[in-house]
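S.K.: What follows is the residue order along each chain.
2 protein chains.
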Amino acid sequence: MENITIIEIAKMCGVSVSTVSRAMNNHPDINQETKDRVMQIIKEYHYVPNNSARNLKRSDARSIAVLIKGISNPFFSKMIKVFEQEIQKHKYSMVLQHIEENQDEVEVAVQLQKEKRLNGIVFLGGSFEHTRKKLKQITVPFVLSTTGMMKGVGFGDCSLVSVDDFKESYRMTEYLIEQGHKRIAIICADEKDRSIGKLRLSGYCAALEAHGIGVDESLFCRMKKDLNYYSMENGYAVTKELLDSGKEFTALYAISDSVAIGACRALWDGKKRIPEDYSVAGFDGLDIASYYQPSITTIRQPVEEMAEATIRILFQMIEKEIPYEKQVFKGELVIGESVRKIPE
Amino acid sequence: MENITIIEIAKMCGVSVSTVSRAMNNHPDINQETKDRVMQIIKEYHYVPNNSARNLKRSDARSIAVLIKGISNPFFSKMIKVFEQEIQKHKYSMVLQHIEENQDEVEVAVQLQKEKRLNGIVFLGGSFEHTRKKLKQITVPFVLSTTGMMKGVGFGDCSLVSVDDFKESYRMTEYLIEQGHKRIAIICADEKDRSIGKLRLSGYCAALEAHGIGVDESLFCRMKKDLNYYSMENGYAVTKELLDSGKEFTALYAISDSVAIGACRALWDGKKRIPEDYSVAGFDGLDIASYYQPSITTIRQPVEEMAEATIRILFQMIEKEIPYEKQVFKGELVIGESVRKIPE
Numbered sequence: 001m002e003n004i005t006i007i008e009i010a011k012m013c014g015v016s017v018s019t020v021s022r023a024m025n026n027h028p029d030i031n032q033e034t035k036d037r038v039m040q041i042i043k044e045y046h047y048v049p050n051n052s053a054r055n056l057k058r059s060d061a062r063s064i065a066v067l068i069k070g071i072s073n074p075f076f077s078k079m080i081k082v083f084e085q086e087i088q089k090h091k092y093s094m095v096l097q098h099i100e101e102n103q104d105e106v107e108v109a110v111q112l113q114k115e116k117r118l119n120g121i122v123f124l125g126g127s128f129e130h131t132r133k134k135l136k137q138i139t140v141p142f143v144l145s146t147t148g149m150m151k152g153v154g155f156g157d158c159s160l161v162s163v164d165d166f167k168e169s170y171r172m173t174e175y176l177i178e179q180g181h182k183r184i185a186i187i188c189a190d191e192k193d194r195s196i197g198k199l200r201l202s203g204y205c206a207a208l209e210a211h212g213i214g215v216d217e218s219l220f221c222r223m224k225k226d227l228n229y230y231s232m233e234n235g236y237a238v239t240k241e242l243l244d245s246g247k248e249f250t251a252l253y254a255i256s257d258s259v260a261i262g263a264c265r266a267l268w269d270g271k272k273r274i275p276e277d278y279s280v281a282g283f284d285g286l287d288i289a290s291y292y293q294p295s296i297t298t299i300r301q302p303v304e305e306m307a308e309a310t311i312r313i314l315f316q317m318i319e320k321e322i323p324y325e326k327q328v329f330k331g332e333l334v335i336g337e338s339v340r341k342i343p344e
Numbered sequence: 345m346e347n348i349t350i351i352e353i354a355k356m357c358g359v360s361v362s363t364v365s366r367a368m369n370n371h372p373d374i375n376q377e378t379k380d381r382v383m384q385i386i387k388e389y390h391y392v393p394n395n396s397a398r399n400l401k402r403s404d405a406r407s408i409a410v411l412i413k414g415i416s417n418p419f420f421s422k423m424i425k426v427f428e429q430e431i432q433k434h435k436y437s438m439v440l441q442h443i444e445e446n447q448d449e450v451e452v453a454v455q456l457q458k459e460k461r462l463n464g465i466v467f468l469g470g471s472f473e474h475t476r477k478k479l480k481q482i483t484v485p486f487v488l489s490t491t492g493m494m495k496g497v498g499f500g501d502c503s504l505v506s507v508d509d510f511k512e513s514y515r516m517t518e519y520l521i522e523q524g525h526k527r528i529a530i531i532c533a534d535e536k537d538r539s540i541g542k543l544r545l546s547g548y549c550a551a552l553e554a555h556g557i558g559v560d561e562s563l564f565c566r567m568k569k570d571l572n573y574y575s576m577e578n579g580y581a582v583t584k585e586l587l588d589s590g591k592e593f594t595a596l597y598a599i600s601d602s603v604a605i606g607a608c609r610a611l612w613d614g615k616k617r618i619p620e621d622y623s624v625a626g627f628d629g630l631d632i633a634s635y636y637q638p639s640i641t642t643i644r645q646p647v648e649e650m651a652e653a654t655i656r657i658l659f660q661m662i663e664k665e666i667p668y669e670k671q672v673f674k675g676e677l678v679i680g681e682s683v684r685k686i687p688e
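Those protein sequences? They're chains A and B, same order as listed.
Everything in the first sequence is counted per our numbering, starting at 1 for the first residue and increasing by one.
Everything in the second sequence is counted per our numbering, starting at 345 for the first residue and increasing by one.
Hint data in this document are derived by calculation from the structure and do not stem from the laboratory.
All values derive from a computational prediction rather than experimental measurement.
A couple of the hints might just be wrong.
Taking lysine to any residue pairs in the SDA-like style, the calculated list, with each CA pair at most 20 Å apart, reads [what the hints assert, rightly or not]:
no., chain 1, residue 1, chain 2, residue 2
1, A, Lys247, A, Lys272
2, B, Lys435, A, Lys247
3, B, Lys568, A, Asp287
4, B, Lys387, A, Asp104
5, B, Lys355, B, Tyr389
6, B, Lys433, A, Asp104
7, A, Lys224, B, Asp631
8, A, Lys89, B, Lys536
9, A, Lys91, B, Lys435
10, B, Lys435, B, Tyr389
11, A, Lys133, B, Tyr389
12, A, Lys134, B, Ile386
13, B, Lys616, A, Phe75
14, A, Lys116, B, Arg406
15, A, Lys91, B, Lys433
16, B, Lys480, A, Val108
17, A, Lys133, B, Lys387
18, A, Lys192, A, Asp104
19, B, Lys616, A, Pro294
20, A, Lys43, B, Leu456
21, A, Lys11, A, Arg62
22, A, Lys136, B, Val484
23, B, Lys458, A, Asp104
24, A, Lys134, B, Thr349
25, B, Lys511, B, Lys355
26, A, Lys134, A, Pro323
27, A, Lys271, B, Pro638
28, A, Lys182, A, Glu248
29, A, Lys198, A, Phe75
Start from the sequences, fold in the hints, and give me the full structure.
M.R.: Dropping the structure here:
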């Protein structure tokens, strides 16, 4: 069934198109009887006034693309919810596109801005090592959201919203050290990672060194590349391997809560108690971290605020043409039940 | 920085636009030297050929809207991932829009199809009580995905993908009865719900009655309307209230895994053991159900397959103009550690 047009409505009412338009817009210059007849027909035929015509501002396909690496990560789903709501408030629509782990997000963005009439782009997650020259190919405003701030990478003048992953990871590691842990295994990203994974690993190493505890690379437990990254199943697989290896450790720090939960389950299945036998810590501050048994000690990222800031900055770039803005949020150390203090 | 155009490329090379085009398309009718020069300039200036022009089929804004109630539900985030991948395979883009609990999804859809050039719509979750007449306003193909199949509701000839919520809920309740439970509390939706919540509650009631156990409405624990529906926090709040009420029950069946996890945490915080003091069961089969401690006995919905079927059916409607298709999937009863058998 085709949508009925304003022309057909006018024909059926025996009036001009502009009369139909006046009736719909409550224009004073139309008699009530005519108006009632028009509105009656409109109702009967479910005519929906086309806002694209009524409101020129709405007529260009106002849309924001969100390009996301790791779409099933629960950390991102909360952000996507906020993005969607905030973008809707601005009367734009949101186009969501998943980027494969091996795909180049800038290339996808450049292609997308050609094919769609995009007004802005959010890059969510992932690593982000692109030259300034390459980034210049993106001609619409964009914000990097929860993307690691790698030093020495040439995107100094881009908008960015994140926590300081290095610093927050340093803090978590320091907390574990303060609880008396010295043999702290870490579930981290692979060697090639140049994103938040690398930053969190660096923070861990720096904290150990600052406290005179040598970094023991045999306690680096790399996530498996053939499993979903930052997933429970990855944490489970890596922890099972760690337990089987017989390596000594008292605490296990996973660089995401999902991974930490997988780790807990593997310890549980290996008949280990948390935190009596092993302490576990996470990162992100997912809801499930506080509902899990035991609740997980973690760094909570202010995810809603970060998502709101992302959209706020993007629209300031679109509407007020500010060049860029960086906003770094502070994480919160949330003490759960999963870490024990080792008596001195 | 503006994107460089094919015209500018042609100028810089000192050739015609059609020569540039021939070079890019590997046309035989162009000499190698010219071609090399053109490709060199294209590379240098990062010229991205505009697919909208090259490929007419891609030039209309081919997009599928996904309208979703309950965007932060982890059950949906897995489906969204599959939607996105499958839609991308068809070279369409996905527009994601959140529907508020009190919003009318058909009205949103009708508005959206006016403003955007949509090719199809997926309605994900939510209740769906609309007259046939109203549904006719939607002029593009659409599929209802994981939406309750209410009997007597006038959308008999729509495409639909779901499990049989009544039957699966019956099965779970029957399993609990077989384990010796008679006082089975249920965390369910509010009285006004006409969606999967109502179907799952009906299945529970029918199973009790079939086994000669009267339905005790005092064991209906309604989710709180002021908290996120189907969330952990809702399950927590409702279970706390149930415990405080002093009502007798041996098993607690929550109509979603997230709610079940909230319930477990509330029991745990109330110093109750699962399953020794109370058995808990869920519904959906989220990953976390198997990673939780204890793992949650649940009905697993084949979420990937359901999402794939949704998109497959939608594109059959778009491309092959089939009128509609219904596909009902079978759930799987997953036995976890959260239910105990009561000795006879």
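S.K.: Starting from the hint list further up, note which numbers the structure goes against and sort them upward.
M.R.: 2, 8, 9, 10, 13, 15, 16, 21, 22, 23, 25
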